[in-house]
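Protein chains: 2
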Amino acid sequence: MKRLNTTPKQDGFRMPAEFEKHAGTYIIWPERPDNWRLGGKPAQEVFVKVASVIGKYEPVTMCVSRGQYSNARHLLPDYVRVVEMSNDDSWIRDCGATFVVNDQGEVRGVDWTFNAWGGLVDGLYFPWDQDDKIAQKMCELERVDSYRLDDFILEGGSIHVDGEGTVMVTEECLLSEGRNSKMSREEIEKVLCEYLNCEKVLWIPNGIYNDETNGHVDNMCNFVRPGVVVLAWTDDENDPQYARSKEAYEYLSSVTDAKGRKLEIHKLLVPSPVLITKEESLGVDSVDGTLPREEGDRMAASYVNYYTGNGFIALPVFGDPNDELAIKTLKELYPDRVIEPIYAREILLGGGNIHCITQQLPAGK
Amino acid sequence: MKRLNTTPKQDGFRMPAEFEKHAGTYIIWPERPDNWRLGGKPAQEVFVKVASVIGKYEPVTMCVSRGQYSNARHLLPDYVRVVEMSNDDSWIRDCGATFVVNDQGEVRGVDWTFNAWGGLVDGLYFPWDQDDKIAQKMCELERVDSYRLDDFILEGGSIHVDGEGTVMVTEECLLSEGRNSKMSREEIEKVLCEYLNCEKVLWIPNGIYNDETNGHVDNMCNFVRPGVVVLAWTDDENDPQYARSKEAYEYLSSVTDAKGRKLEIHKLLVPSPVLITKEESLGVDSVDGTLPREEGDRMAASYVNYYTGNGFIALPVFGDPNDELAIKTLKELYPDRVIEPIYAREILLGGGNIHCITQQLPAGK
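Residue numbers (this note's numbering), protein chains in the order written: chain A, 1 to 365; chain B, 1 to 365.
In isolation and in its complexed conformation, chain A is listed as follows:
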């Protein structure tokens, strides 16, 4: 499949919003024992659950290393397609292709450079060369051409689009030292707008407290539909999350989107702080160069990290009283979708959640 030297905007392609129709969902099978406790077995069980739920609504492709292929095929339901794909970890939202479409329903991929959330500055593991090939391999599988950006670092979880010209990011992530620190904010905006085919970038200052991705927007804020967002929130002024959510709320209240609309903001209360237990910490291999999982560390738990698919919302829940509130809020915001809560502590322990482990393939012709 071709590697293109033009840009999606030049060619009339745009990134559709996640809530637009999908052709399917990609996921990568978790296995690395220095990130997933107990050899990845508890995480694999939850990934099976996520794939099984999503697979009821749209085709799911699970990407699996050579060594885990037979195990994954054995554990997953028949209706999930299992393909071999080497990887360094299982965050396809971040290392996978960002798909774009044109008005004729043709699909292409955007293949950003991936550097494990900060490269040699504050990346989370080394090396990341197999992850950086995932986007191209997805495009090859789908027989679509791709745009490769060799000198622009981005993860899919650090952007959200409304499909109508607006992209939402955080300053914490997109201006971080470990990514495109040689570029100005304006230069970064230009790349985003060219490759997502947007006209306006919304810059939320910070993401979720202690989020190892340098505050990805997909854990903090999401578009429900054009003009409507959900924002991670806490009413506890003593929680370090409070100031982050408050400044985001104030920022979002003050801006308009690409179409000139003021945003309708819905708050989604985060769960009580979720800490790594001693047992959980002990299940993870210690490896130089990989972020350790230490007892008592606070994880970046947020309901905003849900995944929107054809007729459903796959929502992470934590066994917290706020679970029910999140379900209720999303039921109201998405009256036409089934809310599918999935107990996702094991994904959170790996450093992300359901949105981080999924990547949509938009419906084409």
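I should point out that these hints are in silico values taken from the structure, not numbers from a laboratory.
For every residue, glycine included, the Cβ atom is placed at its ideal position computed from N, Cα and C.
Any given hint could be a false lead.
[Claimed, not checked] Just a few of them, taken from the derived set where beta-carbon distance is under 7 angstroms, the chain B residues facing chain A:
id	residue
1	2
2	78
3	143
4	266
[Stated by the list, open to error] Straight-line Cα separation of at most 30 angstroms, BS3-like style, residue types lysine-lysine; simulated pairs:
id	chain 1	residue 1	chain 2	residue 2
5	A	21	B	365
6	B	365	A	365
7	A	56	B	56
8	A	41	B	365
9	A	2	B	21
10	A	2	B	365
11	A	2	B	49
12	B	2	A	56
13	B	2	A	21
14	B	56	A	365
15	B	2	A	365
[As the list claims (entries may be wrong)] If we take Cβ atoms under 8 angstroms as the criterion, some of the chain B residues that face chain A in the derived model are:
id	residue
16	58
17	84
18	85
19	137
20	345
Got chain A; can you put chain B on it based on the hints?
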């Protein structure tokens, strides 16, 4: 995708003839240095040529190991799809899925057990576990269900079907000690007929002289169309090939196919004996358990190992005076297809030829 416990015959599926319409062609990228000289580079060049030619007529998928992925993607034309797939070598005719179709155009795969042409008796390398997973991975990629035979060993190159109830094999291969030697000829016939949906098995005694596959039929004889075959031939009575071709001719002259037709037999003269040179031999790594490539060894060169696709014949040629004769014969036999001769000595050096490195996906709905 499902693993089925029924048989294609029970379910109304049959293996179409190779000359029926394809949805595409699968190939595996060559690399193992104990089979392909000079680290596989000369072979890779020819595989690129084969994929490029076939890709002009139908979609080609190249299956490539993790380590060779980038190199293969770089060397192949854009219109060839490159997917990651671990392998032990590059003979997808033999380790790949045999696809079957039903009258509604649904496609399924037959996943025979593969043991590297004879397992621990006279197999050509060890281990072969990755090759044995290729068929399932092809079925997963294509989202088709499959029939797995855990206790029947077969390579796709050891069968040819006419699509109308006849399957052609050699006794040399199918009755070999390293495959299903615990089964009787009748038991083997029953499995072939159930899984290919055939009524009659034609048993040619032997294949090409010195063919390391134990005389695969696909190097010896092929169906041009129902009722018409080409047979590898030599007029040199001193060539050990002579007796083999003669007995095959006599056998084929004496039988009828599943529809009761006598066979029309066309002879395809083999090239003069093709021997491994010293330089070629020296380029191959020596590894215990892998068949060595020794100077002076005669290779199983035959024009019958051509591949029939949508509107074309990919024909191996050897720089031999008989090349032109083979081209002429096939032009007459296939007036509606373009004959595409490809100089294929480098594939032959690895132990097979163009038919051995290709596997068709039949057109479905």
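Hint by hint, here is what the structure shows:
no.: 1; hint: 2; in the structure: holds, 5 angstroms
no.: 2; hint: 78; in the structure: holds, 5 angstroms
no.: 3; hint: 143; in the structure: holds, 6 angstroms
no.: 4; hint: 266; in the structure: violated, 38 angstroms
no.: 5; hint: 21(A) to 365(B); in the structure: holds, 24 angstroms
no.: 6; hint: 365(B) to 365(A); in the structure: holds, 17 angstroms
no.: 7; hint: 56(A) to 56(B); in the structure: violated, 38 angstroms
no.: 8; hint: 41(A) to 365(B); in the structure: violated, 39 angstroms
no.: 9; hint: 2(A) to 21(B); in the structure: holds, 26 angstroms
no.: 10; hint: 2(A) to 365(B); in the structure: holds, 27 angstroms
no.: 11; hint: 2(A) to 49(B); in the structure: holds, 18 angstroms
no.: 12; hint: 2(B) to 56(A); in the structure: holds, 16 angstroms
no.: 13; hint: 2(B) to 21(A); in the structure: holds, 26 angstroms
no.: 14; hint: 56(B) to 365(A); in the structure: holds, 23 angstroms
no.: 15; hint: 2(B) to 365(A); in the structure: holds, 27 angstroms
no.: 16; hint: 58; in the structure: violated, 13 angstroms
no.: 17; hint: 84; in the structure: holds, 5 angstroms
no.: 18; hint: 85; in the structure: holds, 5 angstroms
no.: 19; hint: 137; in the structure: holds, 6 angstroms
no.: 20; hint: 345; in the structure: violated, 30 angstroms
Of the numbered hints given earlier, the model fails hints 4, 7, 8, 16, 20; all others are met.
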